[in-house]
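Student: Note that the protein sequences, when read in sequence, are chains X and L.
The opening residue of the first sequence carries number 966 in the numbering used here; numbering runs sequentially from there.
The opening residue of the second sequence carries number 3 in the numbering used here; numbering runs sequentially from there.
The reader is advised that the hints may include incorrect statements.
As the list claims (entries may be wrong) - Taking beta-carbon pairs under 7 Å as the criterion, some of the chain X residues facing chain L (in silico):
(1) H1011
(2) E1013
(3) V1256
Claimed, not checked - Anything over 12 Å on all C-beta distances counts as not near chain X; from chain L, calculated:
(4) I69
(5) S70
(6) P240
(7) L256
Quick caveat, the hints were computed from the structure, so don't treat them as lab data.
Positions of the beta carbon are idealized from the N, C-alpha and C atoms, including for glycine.
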Amino acid sequence: MTQEPLLLVENLRKYFPVGQSLGDLLLRRPPGLIKAVDDVSFTLLHGEILAIVGESGCGKTTIARTLIGLEEETGGKILFNGRQIGARERRLQAGLVPLESGAIGTREQQSLPRLSFKQFRQQAQMIFQDPYESLNPRATIFEIVAEPLVVHGLARGRAEKIQRVRNALEDAGLRPAEEYFLRYPHELSGGQRQRVVIAGAMVLEPKLLIADEPVSMLDVSIRAEILNLLHDLRNKRGVSIVFITHDLGTVAYFADRLAVMYLGRIVEIGRTAEVLKNPQHPYTRALLSVVPVPNPRLRRERVILQGEAPNPIHLPTGCRFHPRCPLAMDACRMTDPAYVQLSATHSTACLRVESTAL
Amino acid sequence: MAEMPLLQVRHLTTEFLLPGKGAARALEDVSFDVYPGQTIGLVGESGCGKTTVLMSILRLLPTQAQISGRVLFRGLDLLALSERQMREYRWKEIAIVFQGAMNALNPVMSVGEQICEAITLHGLMPRREAEARTGELLELVGIPKERGVQYPFQYSGGMRQRAMIAMALACSPCILFADEPTTALDVMVQAQILELLGNIQRKMGLAIVLVTHDLGVVAEMCDMVVVMYGGKVAEYGPVDRIFNNPQHPYTQKLLEAFPDLAQPVASLASIPGAPPRLSELPPGCRFAPRCHVCLPQCASEAPPLLEIAPGHFSACHLCKS
């Protein structure tokens, strides 16, 4: 693929320190770290939809928050349109943190053109899970959708502002838009609210949307509408979408590519059809086997993993999935598997796959 | 089926009296049967009355709720009992796993103590025996009995749900109501809990009434299904028939809107509009404003629930018996 990716994430890490007790301090124990995201790399092309799936606590939301700059990355690189972004980078540029050399000063990295945080945020927008809590209850729909324009000083004059808000609402399927201008969030249904959230994100005409479980709070009959809307926006506006979800069922319809995460690491990534039809990692296989299928005649063999994902403070040695893996070998306890390329687009990190591929 | 149903729900109607505003009809004319050892699913969107059905049967609703119809447990009408008599049935014969296991446990009491309380409160056995029984119940749901001394915050979400199930089984009921037992849980934990419910059912011959909005869970767990819309039964029958030959337009659309990982299609169907508010129910068929095959009479005349094939009921003017 010759096209330059919109987003390039390399070895992204995000560790959270764990609170130390007085005893820990007195004994000078080093602070514990929750490795929420540990060495994650992926790319996102222009107009592409990448789904990141995994169980609670696997780090998928932390990735979303780090990408958009709500969390500061511990290490790794995030390039947006070829420019380095991320909260740590922002502080490096401002000379607020010591460089790797230990000297304090602004980073001399003229090779990479700078992208200010505000410019970046204009091009990358986030959609949160709960449309009931992410809208200001005291603002009208017009105010909510127009606010990003005001913040970024984009609309010149009242007429342009009205025009852009109207377009955004109509693109989000709220027609006629004028009927919604003066209404408040509480007057709208859950599906309509999520449309308002999407209109507020799209009014800036961003290149990247990060959607964190955008439909999990909605009823089944409304879910498809919102997913179809996001699909249309991608097709018409060419916006790229990072779609965070725990629901593999919706991914099959929605995403071009799929990344499966387990304990802060991507265990398998590939085109959606490739991963769903030919899953290679034992975790992906187990996860796929337990998704309930609405067909009472279909009796599948289910791989039900016992227990729950361990605490990311005490990561298992070797492959982090080995304690729950039905196929674990001795070597899995010792060796952290590297990625094996199964096709140009499909790769997975599993020692078993590695040994059969060679 | 030659066997007698354990529970017969007939024309169950529940209204909430609103001060100065009349009444909101949350349920209207809901009827279904529960047979021993069977699982029956109640499905529908939020606000369609699924949970209200369970609460009405157990008579756990606040006093402004007016319940009519009949709920026959082994032929005895539970709605006609006094509160004192009702206590002999609630939990001992019909137990419930409430929605949101995270919040349903008492945070300042150990889990074992809470299960033990459920046994001793019903006067089933002395304290010492109840403690031994608590250990058995915990083991039954896959929790090591030593962990009974721990508090809910020391449990993961899946374990709390298991503890709630253990508590519901404390008095060896013959019917278990499970209200969205896996909604807040991850798919893997959901699979564990559903497997557990299935195992317990086989071991104890329990009848389960499963409330869910997940059609996949219904397909995998249930024998019978009640599809509800706007407080009424839209369609009722054996799971295999309803999923492969749905007759009500709402059931058809709901199934099309539900993603099927086994057979992905290009795009998902959606149902335009939103479910009706209970205070502004449409006069005829409640689904008419969103229906894709609506007839003129649908707007004015509510369709009756007709038996269109043996055991398969549908409430739609397009379905003829």
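Student: Hints first: check each against the structure and report whether it holds.
Tutor: Going through the hints against the structure:
The criterion of a C-beta within 7 Å of any C-beta in chain L is not met by H1011/X, whose closest approach is roughly 22 Å, and the hint is violated. For the restraint placing E1013/X at the interface with chain L, the shortest Cβ-Cβ distance is roughly 18 Å, beyond the 7 Å limit, so the hint is violated. The restraint placing V1256/X at the interface with chain L holds, with a minimum CB-CB distance near 5 Å, inside the 7 Å limit. With a minimum CB-CB distance of about 26 Å to chain X, I69/L clears the 12 Å threshold, and the non-interface call stands.
The non-interface label for S70/L is consistent with chain X: the shortest C-beta to C-beta separation is roughly 28 Å, beyond 12 Å. For P240/L, the requirement that its beta carbon stay farther than 12 Å from each beta carbon of chain X is not met, with the minimum near 9 Å. Interface exclusion of L256/L from chain X breaks down, the closest Cβ pair being 6 Å apart, not more than 12 Å.
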